[in-house]
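Trainee: Let's have the full structure, built from the sequences with the hints guiding it.
Residue numbers (full-length UniProt numbering), protein chains in the order written: chain A, 1 to 96; chain B, 1 to 96.
Note that these hints are calculated values from the structure, not bench results.
Just so we're clear, the structure is a prediction, and the values are computed from it rather than from any experiment.
Wrong hints could be hidden among the right ones.
[To be verified] Restraint-style ranges between C-beta atoms, simulated for each label pair: (1) A/VAL49 / B/PRO48: 36 to 42 angstroms; (2) B/GLU32 / A/HIS73: 15 to 21 angstroms; (3) A/VAL49 / B/LYS36: 38 to 44 angstroms; (4) B/LYS29 / A/VAL49: 29 to 35 angstroms; (5) A/GLU39 / B/GLU32: 41 to 47 angstroms; (6) B/LYS80 / A/SER5: 20 to 26 angstroms; (7) A/LEU18 / B/SER11: 21 to 27 angstroms.
Glycine included, each C-beta is placed from N, C-alpha and C at the ideal position.
2 protein chains.
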Amino acid sequence: MSNQSLEGLRSQIDAIDLELLELLNRRGKIVENIGKVKEEQGTNRYDPVRERQLLDTVRDNNEGPFSTATLQHLFKQIFKASLELQKVDNQKTLLV
Amino acid sequence: MSNQSLEGLRSQIDAIDLELLELLNRRGKIVENIGKVKEEQGTNRYDPVRERQLLDTVRDNNEGPFSTATLQHLFKQIFKASLELQKVDNQKTLLV
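Mentor: So, in structure tokens, the structure goes:
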């Protein structure tokens with residue numbers, strides 16, 4: 001393979017990263033809305049049963065090459081960041 | 001908002017997570033190919049300049065709600081997992 005194909009592969013990575021970025025932020029917006037619904041309902045933001053379901057979905061749909069453990073670790077980081085997004089939102093609400 | 005809309009929002013999250021999973025694995029496959037090209041060329045797998053470029057792209061294209069710092073942290077985890085994927089591949093090669 002040539003340098004050219006390395007450039008080609010990198011272009012594909014660049015395109016995927018932009019898609020990942022867009023998807024993560026779209027996910028973030030939905031999680032913010034879920035936070036608002038839960039606040040109205042007075043239910044707890046953190047739901048370990050729901051998190052377990054999401055991690056099971058990752059396992060059941062993983063076609064590799066990443067191991068399920070690696071992907072579940074990445075998704076846990078995404079869940080953690082999402083939960084923090086809701087916390088910041090609540091703090092903003094308190095300041096108003 | 002009702003329970004119904006919480007379910008609707010969660011369905012959207014489920015769909016996004018499957019897309020994220022598919023994109024991450026597609027990214028993983030391309031990174032494996034990049035690893036092979038680099039191995040042929042005898043160049044180092046880890047390229048801090050390239051990683052910096054990717055992180056700058058995240059910053060330049062971030063429309064929120066996640067902070068750039070949070071997203072860059074997530075992408076660093078993805079880069080780390082990708083690099084480990086190449087390591088495992090090399091180990092497999094050695095075993096053959």
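Trainee: Tell me the numbers of any earlier hints that the structure contravenes, in ascending order.
Mentor: none
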